[in-house]
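S.K.: Every letter in the sequence shown is one number past the one before it in our numbering, and letter 243, counting from 1, is 243.
Treat the hints with care, since some could be wrong.
[Unchecked claim] With a Cα cut of at most 25 angstroms, we get these calculated DSS-like pairs of lysine-lysine: (1) Lys-33 x Lys-63; (2) Lys-220 x Lys-200; (3) Lys-78 x Lys-303; (4) Lys-233 x Lys-99; (5) Lys-242 x Lys-303; (6) Lys-63 x Lys-27; (7) Lys-33 x Lys-48; (8) Lys-149 x Lys-261; (9) Lys-46 x Lys-105; (10) Lys-261 x Lys-46.
What the hints contain is simulated information worked out from the structure, not anything from laboratory work. Predicted model, so just to flag it, every value in this text is computed and none were measured.
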Amino acid sequence: MMSDIRASIDIGSNSVLLLVADVSNGKLKEISKRSEITQLGKDLDKNKAFHADSMKATYEAIKSYAEDCDKHGVPREKIIATATEAARVAGNAAEFFQKIEDELKVHINIITAEAEAYFSTKGILFDSKFDSEIITIMDIGGASTELIKVNTKNFQILETISMPIGAVRSTQWLHDDLFVQNLQKVFLDFRTSIDKFQTKELFCVAGTVTSLGNMHLQRKEFEEDEVHGLKLKVEDIDNLFKKYSNSNPEQFLEQFPFLQKRSQSIRGGLHLVYHLAHRLLVKEITISTYGLRFGTLLEGKIKKEFLNGK
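Starting from the given sequences, assemble the full structure and let the hints guide the process.
M.R.: Below, the structure is given as C-alpha cells:
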C-alpha cells in the first residue's frame with residue numbers, strides 16, 4: 001500500500017507542535033515530532049491581543065516546521081494547521097495568521113472549542129485501551145481547559161465544556177494574586193455542568209499533564225515512552241503540589257531541564273491540575289501523549305463546521 005505522509009501543526013496558547021507521520025492501513029508511523037514554547041497566550045487577558053515577542057517566536061517555529069515538511073514531501077498547502085483558544089480571543093489573530101499564509105504558504109484554521117474536544121478525543125482514542133465504555137478526558141491548554149465525556153465504543157462525544165482556564169492564564173493569575181478568585185469564578189460560572197464530569201479515572205492529554213508525569217518520574221529529560229499510559233494517583237498529584245506549588249521558573253528548570261520554556265507556566269498548570277482533580281473527585285489520572293495534533297492528522301481535514309465563526 002502506498003504511504004500517505006501527512007503533517008499537522010497545533011498552535012496553542014503556550015506551545016506550537018508539529019507532527020509528521022505516515023498514516024497507512026489504519027496505522028500511524030511517526031516521522032517527525034517537534035515542540036516549541038512560544039507563549040502566544042501571554043498577557044492575553046490583559047491585552048486581548050498576541051504579544052509581539054510571542055508572534056515572532058510562533059512565526060519562526062512555523063517557518064522551521066514548514067521547512068521540515070518540505071524535506072518530507074508534504075506540500076505546505078496540505079499542512080493541517082489549527083489554532084485554539086488564544087486565537088479565538090486575540091484581536092490581531094486574523095492579521096497575524098494572514099501574514100503567515102502570505103509569507104510561509106501555511107493556512108491556519110482557527111477552530112472552535114467543540115473541534116478541540118473532537119480532535120483531542122480522536123487522538124487519545126486512537127492509541128489507548130479502556131476498561132470503561134464511558135470515559136472522561138481533560139485537555140489543559142495554555143488558555144483553556146476542555147472536559148470531554150465520550151463513549152469509547154462508538155466515538156460519540158456525550159458532553160463537553162471549554163473553560164477559560166489554562167496553564168498560561170493560571171500562571172499570570174498566580175503572579176497577580178488572582179488565582180483563587182478567578183478559579184472560583186470559573187467554577188461558579190460552570191457550576192451547572194462541571195459536576196457531569198466527576199469521575200474516578202480521568203484521561204489527560206497535552207503538555208501540562210505530560211510534564212507533570214515526567215516530573216513525577218523525576219526525569220531530567222522527557223521520556224515519552226514512560227509517560228504515555230502512565231497512571232498517577234491523586235495522592236501523586238498532591239505530592240507534586242506540596243513539593244513544587246511555590247517553585248519559581250528557575251527552580252523548575254534547575255530540577256527539570258526538560259521543561260525548557262514550559263518552566264514559565266508549569267506552576268500555573270500544576271495548581272490547575274491539583275484543583276480540577278479534586279473538584280472532579282478524581283482518584284487516578286491516566287496520561288496520553290496523543291492529543292489534538294494526532295486527531296487532526298488522522299482526520300486529514302478540518303470540516304467547515306469546526307471553524308470558529310462559521
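S.K.: Hints first: check each against the structure and report whether it holds.
M.R.: Quick rundown of the hints versus the structure:
Only pairs whose Cα atoms come within 25 angstroms are accepted, and Lys-33 paired with Lys-63 is accepted, the gap being roughly 15 angstroms. Distance hint between Lys-220 and Lys-200 is unfulfilled; the C-alpha atoms sit about 30 angstroms from each other, more than 25 angstroms. Only pairs whose Cα atoms come within 25 angstroms are accepted, and Lys-78 paired with Lys-303 is accepted, the gap being roughly 14 angstroms. In summary, the hint linking Lys-233 to Lys-99 is not supported, as the alpha carbons are separated by about 45 angstroms, beyond the 25 angstroms threshold.
Our distance criterion of 25 angstroms between C-alpha atoms is broken by Lys-242 and Lys-303, whose separation comes to about 44 angstroms. For the given pair, Lys-63 sits about 28 angstroms from Lys-27 by alpha-carbon distance, which is inconsistent with the 25 angstroms threshold. Among the hinted pairs, Lys-33 with Lys-48 is inconsistent with the structure: their alpha-carbon atoms are about 30 angstroms apart, more than 25 angstroms. Between the alpha carbons of Lys-149 and Lys-261 the distance comes to roughly 31 angstroms, so the proposed pair goes past 25 angstroms and is violated.
This hinted pair does not check out: Lys-46 and Lys-105 have alpha carbons roughly 31 angstroms apart, beyond 25 angstroms. Taken as a hint, the Lys-261 and Lys-46 pair is honoured in the structure, with Cα atoms around 21 angstroms apart against an allowance of 25 angstroms.
Checked against the numbered hints listed earlier, the structure breaks hints 2, 4, 5, 6, 7, 8 and 9; every other hint is satisfied.
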